[in-house]
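Start from chain L and add chain W according to the hints.
Sequence lines, in order, name chains L and W. Start counting the first sequence at 1; every next residue gets the next number (my numbering). Start counting the second sequence at 246; every next residue gets the next number (my numbering).
By construction, these hints were calculated from the structure, which means they are not laboratory data. Incorrect hints may have been included.
The calculated PhoX-like cross-link candidates involving lysine-lysine, where the alpha carbons are at most 25 Å apart (straight line), are [stated by the list, open to error]:
id : chain 1 : residue 1 : chain 2 : residue 2
1  : W       : K276      : W       : K329
2  : W       : K613      : W       : K672
3  : L       : K123      : L       : K135
4  : L       : K74       : L       : K30
5  : L       : K30       : L       : K107
6  : W       : K465      : W       : K353
7  : L       : K213      : W       : K317
8  : W       : K295      : L       : K162
9  : W       : K613      : W       : K699
10 : L       : K213      : W       : K329
11 : W       : K317      : L       : K2
12 : W       : K329      : L       : K2
13 : L       : K107      : L       : K2
14 : L       : K122      : L       : K74
15 : L       : K88       : L       : K122
This is what each chain is made of:
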Amino acid sequence: MKIAIISDLHSNIEALQACLARAQGQNVEKYICLGDIIGYGPDPAEVLDIVMSLPNVEVVKGNHEEALFTAYYKGLRQHIRQTVDWTKSQLSASQLAYLETLPYQVKVGDVTMVHASADQPKKWPYIYNIELATKCMRASDSLVTFVGHTHQPEIFFETPSKHIKNITPSPGLSVPLYAHCRYVINVGSVGQPRDDINAASFVIYDTVEREVKFHRVAYDYMATGKKIIQCGLPHLFAERLAKGH
Amino acid sequence: MEEIDIHEIELNETIDGFHVTECLHESQVSKLYRVTHPDHQLTLIMKVPKISVILPSSVFAGFETEMRILSKLRGVYTPKIYGKGDLASAPYYVMEYVEGTQLQDATKTGPLPIEELCKIMIPVCKAIHELHRHNIIHLDLKPENIRNRTDGSVILLDFGTAHQAQLPDMYTVAHEQQPITVDYVAPEQLFGVRNDSRSDIYAIGAMLYELATGQPPFPKDNMLTVKKRLYIPPKPPRAINPDIPAWLQEIILKCLEIRPEDRFHTAKEIAYGLAHPNMVTLTELSEQTRRPGPLTLLTNWLGNREFNFVHDTETHPQQRLTNAPHILVAVKLIHSSEELKFSMRDTMLKIAKSDKHSYFTCLSILPKENFSDRGSVDEFVNLSHPKHIQAQAEMRHWLEPMRLAQSRVNIQVFYGDPSTEIVNYAKQFAVDHIIMCAHRSEGSKKTIGSVPEKVIAEAPCSVTVVRTRQDKLPQ
Chain L
1 MKIAIISDLH SNIEALQACL ARAQGQNVEK YICLGDIIGY GPDPAEVLDI VMSLPNVEVV
61 KGNHEEALFT AYYKGLRQHI RQTVDWTKSQ LSASQLAYLE TLPYQVKVGD VTMVHASADQ
121 PKKWPYIYNI ELATKCMRAS DSLVTFVGHT HQPEIFFETP SKHIKNITPS PGLSVPLYAH
181 CRYVINVGSV GQPRDDINAA SFVIYDTVER EVKFHRVAYD YMATGKKIIQ CGLPHLFAER
241 LAKGH
Chain W
246 MEEIDIHEIE LNETIDGFHV TECLHESQVS KLYRVTHPDH QLTLIMKVPK ISVILPSSVF
306 AGFETEMRIL SKLRGVYTPK IYGKGDLASA PYYVMEYVEG TQLQDATKTG PLPIEELCKI
366 MIPVCKAIHE LHRHNIIHLD LKPENIRNRT DGSVILLDFG TAHQAQLPDM YTVAHEQQPI
426 TVDYVAPEQL FGVRNDSRSD IYAIGAMLYE LATGQPPFPK DNMLTVKKRL YIPPKPPRAI
486 NPDIPAWLQE IILKCLEIRP EDRFHTAKEI AYGLAHPNMV TLTELSEQTR RPGPLTLLTN
546 WLGNREFNFV HDTETHPQQR LTNAPHILVA VKLIHSSEEL KFSMRDTMLK IAKSDKHSYF
606 TCLSILPKEN FSDRGSVDEF VNLSHPKHIQ AQAEMRHWLE PMRLAQSRVN IQVFYGDPST
666 EIVNYAKQFA VDHIIMCAHR SEGSKKTIGS VPEKVIAEAP CSVTVVRTRQ DKLPQ
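Just chain L, same shape as in the assembly (with noise of 0.2 Å):
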């Protein structure tokens, strides 16, 4: 079977639907969502309406989703509080329920799906070296993990002689998970990419042939923007679309 595994979606829809084709086009049976489905963009309500309407999706929550409900809306910077007050009078009350609910980590098969962390998926780290990804190998009960969260497409893994290394995936090269080792797999950001390529990111991996490939999609990233300038959101987030960073 072949899941998609998207992730960091931020209310981009015009990204969004660019991967969804794609992965239409790739006989995909299931969606899995990492979370931070929404903040930032333009289109919270309908970006979410299409996350759920999925096949067979299952969803994790974001600390994009975390910031609605508790706290941690507290510690995030002024303009980003603004988003998140903005898509918030944006959501109907059944939507903020479904976000609310959401788990932090689902195992899937024998993968395990969490927006930042394996290793304290609630206090949302940032793996973006190898020993936060080390940390994700030990705490997860998979071998394999698939994260977001940094936006960033990226796979650590553990050779057998217990030694975790790095590589950036090629888009469109499948990459095969051996029975034995360990990884971590960052499936990088639908709609803010911030590895200096404007175009959307996600994996489809292949739970047959054991295998993940990246999927880097073009979409109008300036119709998301002008919308974001629109909405009267900060213009950094539109400026970061056309950037890739």
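Same frame as chain L, now just chain W:
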């Protein structure tokens, strides 16, 4: 690593329809069994890792790497796969039995006649080139890992330590004992470099050396002394076997250069040299009669340190191949206008400048009827027939303004149907790009001519058709 519960397949067992009948070979880490299957009449071999010995270790990852590479290459230059087991519960794979050991036998029989050596090694080089084209570096090439099917096609075996560019490499070189074969291992591999396809070029050189001289390049080396090759080059092959021609010594020693950047970039360049000895540019390598003196060895010893071999930036094999493209230029000088000849040369020159390692075969194809009054084609090809010489001279004259190094241009005169000859040559020598001129016969409605159309349809690579501007002057 959590507890592992994996079944190791044994003799007389039947799994997924494969019945294990006989143990053919047992190494430290795996067993090879003969198996039968009701759906297959072929002789089949099952490879099974020895679970108790190899887990948890890189060898198991090596088994999986090998299985995945063999599946990916689908039996073109590797054994065909007929079945595989679940790696997490009962790992195995079943492959065709490839009987021929032509190369291994040849290394045992002493120096080979040059013609025989080329006949064996040209297909081997092409197989290795194909491997690199798929971004795979073998890293343990040796005669026992190269076999032949009964139709003569070359089959590469044992990908347990292979590296796949752009994919996670399960070896942590500094911490794991990688098996190396002393006779064929490249200097940079001794520092743990696993991402340079030119390590395989070194192994080709070592095999050529062995076939040409009857002994490996460093016959006395062992695991303790192998690092000597970081500063001592091998004894020149002609010092061992004076019958070896200078061009072959040039090829062998260029493959065996200590630093990868001094070797051939691609295996197909070696195949090309073996097939076209007159195109091999002879340097001082071809003239060497003994190893360099103590001063050079001292310079090598001081200069060839780890940092010279270990680089942060990785060039994938595919990239390396595209950096050294083989271009076939098919030009019909007799019937071409000066304008068209200029355009062809201009196109060729642009490629020559942008890809500094590119090399060209310029093909002139004469119709067979040109010499029907003078004897057979074969006789004509080998002889200094005036029309043959004239065709070569015209090509040389046409090429002259470009001032390309002689080693980058090879002139060939072929006879027969142009499109067939062009496509055959492109397939035989893994040409990367064909440049040819448009030729529209009078009265024909075809835009570029029937020959280019056929070449475009059948060529294994990109084809550029050069034509002059077709605009008509206003009346």
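When the structure is checked against the list of hints, which entries are broken? Sort them ascending.
The structure conflicts with hint 4 only, although it agrees with all the remaining ones.
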